[in-house]
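> Listed below are the residues making up each chain.
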Amino acid sequence: MVKRNSFKIFFAVQNALFLRELNMRFSSGRMGLFWTFFEPFFQILIFVLIKVALFGSAESHFDFAVFLALNFTAFNLFKNIVTKSINSFKANKALFLYKQVKPIDTILARIIVEIFITAIIIVMFLGIGVYFNFDIVIKDISMVAFGFLVLIVFSFSLALFLSILNIFVDSVSKLIGFSMTALMFGSAVFYAIDMLPLNVQKILLYNPLTHIMEIIHGSYFSVLDDSYVDYTYILVWTLSLLYIGLWSYVKLEKRIVSA
Amino acid sequence: MIELKDVTKYFQTKNGKNYILKDVTFSIPSDVNIGILGRNGTGKSTLMRMLGQIEFPNNGKITSNKSFSWPLGLSGGFVGNMTGKANVKFVCRLYGKNSDEIKDIIQFVKEFSELGNYFDMPIRTYSSGMKGRLSFGLSLAFDFDYMLIDETLSVGDARFKKKSKEALLKKIENCNILLVSHDMNTLRELCESGIVVDKGKMYYFDKIEDAIIEYNEINKKVK
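Sequence lines, in order, name chains E and H.
Take the working numbering: the last position of the first sequence gets the number 250, and nothing is skipped along the way.
Take the working numbering: the last position of the second sequence gets the number 1072, and nothing is skipped along the way.
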């Protein structure tokens, strides 16, 4: 057998896992695939309707539908990375039979699949935006991309930490389910932090995800900005989670493999 | 050459530690086919998994410059929702095969496993015999220095058993096997040397016949 170097092995494993994850998505029935791409549409529809019902119109000083599309795309990416990763050690246990498959590979593969699906959704939304003449002009595209990058690193760090916890502590995945709903309301997904009263702002700004969402929509719309974002706060959260996640992974990898 | 250095492996049980290996320093010579014998629960499969690097000693090191297959069991890491073909493709990709090689391997496995139309059906529709045939065919398609086999020879009907034994005999002209089995005839047929695992120790025998005699001795003592 020809000896392969570590990078070659890593890329072969990622390639195999990525295609396998896609295959599993596509082969698990048509409805699963349908909801993957249409869930964001229903979310937007519901919140536009709520806004119309509460305030009489969807008019804002920016396009509210575009605002929701952007925010739900970002939030769903976070949610899916965390919820899909969390069971990946248990679900892929049989694969650890092959020594080149490390537990962290299965998380990375799922995250890459999520990013891939999100990219398709973004292209879909942009297409619809152009076709139906929504105001999709981006103020600072590189900062929006940066926001997404931060979001991905943050989600990965949290996902890694929680998946390890999920191996040793029961009902972690149940709690994540609840927390995701709470986070959707508390993370500046269907509002900008600027629209809220001061005392509510204060509480919500403890949530690091709020800051990341603020970077993303703050640099997308010309009427919004990132004045509420505390970059140091995001950095501290992300690096701490990443450190804890990687540290405990290195310590526990062998136990996860033969768990 | 496989080197075990101060290897200790135990499992935690309610009544303390159950030792599989206790401070074992040992080198397993190369280029021989080795049968592994031992009573149930003495850790033959664990030893196999440690050599395949998917189980790790609590202490000490196992090193080797040889390549090892995954431990071939009855149903190796298949995804129920994916077809047999997709599962074979997946394992090929894990080992970095290019698309031409993958095509050849798929053709080989399809023919060898005799699954017919089931090859393009999801694995969850397979019987356990069919899964075993697929898994055995797949393992023959790869080249390793050592194949780790954990009683997979008893797959399928009598005719398929004969066929897989012949295929394996041909395969071991170019590679070696480490075989866990309770079937003495299979061990005699495929292996030259033997290891007996008992009470945290490993005993190596140049001739498989001596290992079988030792194994029978141990069994007598238990009675």
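Hint data in this document are derived by calculation from the structure and do not stem from the laboratory.
Because the structure is a prediction, the values reported are computed rather than measured.
Some hints here could point you the wrong way.
Claimed, not checked - Pairs of lysine-lysine, DSS-like flavour, derived with a Cα cap of 27 Å: (1) E:K245 / H:K1050; (2) H:K910 / H:K959; (3) E:K90 / H:K854; (4) H:K1048 / H:K871; (5) H:K1010 / E:K(-6); (6) E:K90 / H:K1069; (7) H:K959 / H:K1010; (8) H:K1014 / E:K245; (9) E:K84 / H:K1012; (10) H:K1012 / E:K245; (11) H:K1012 / E:K242; (12) H:K1014 / E:K90; (13) H:K959 / E:K245; (14) E:K193 / E:K75; (15) E:K90 / H:K1070; (16) E:K90 / H:K959; (17) H:K1050 / H:K871; (18) H:K1011 / H:K866.
> Run every hint past the structure and note whether it holds.
Results of checking the hints against the structure:
no., hint, verdict
1, E:K245 / H:K1050, "holds (23 Å)"
2, H:K910 / H:K959, "violated (39 Å)"
3, E:K90 / H:K854, "holds (21 Å)"
4, H:K1048 / H:K871, "holds (8 Å)"
5, H:K1010 / E:K(-6), "violated (32 Å)"
6, E:K90 / H:K1069, "violated (38 Å)"
7, H:K959 / H:K1010, "holds (17 Å)"
8, H:K1014 / E:K245, "violated (34 Å)"
9, E:K84 / H:K1012, "violated (31 Å)"
10, H:K1012 / E:K245, "violated (37 Å)"
11, H:K1012 / E:K242, "violated (45 Å)"
12, H:K1014 / E:K90, "holds (26 Å)"
13, H:K959 / E:K245, "violated (35 Å)"
14, E:K193 / E:K75, "violated (31 Å)"
15, E:K90 / H:K1070, "violated (38 Å)"
16, E:K90 / H:K959, "holds (25 Å)"
17, H:K1050 / H:K871, "holds (6 Å)"
18, H:K1011 / H:K866, "violated (41 Å)"
Violated hints, listed in ascending order, are 2, 5, 6, 8, 9, 10, 11, 13, 14, 15 and 18; each of the other numbered hints is respected by the structure.
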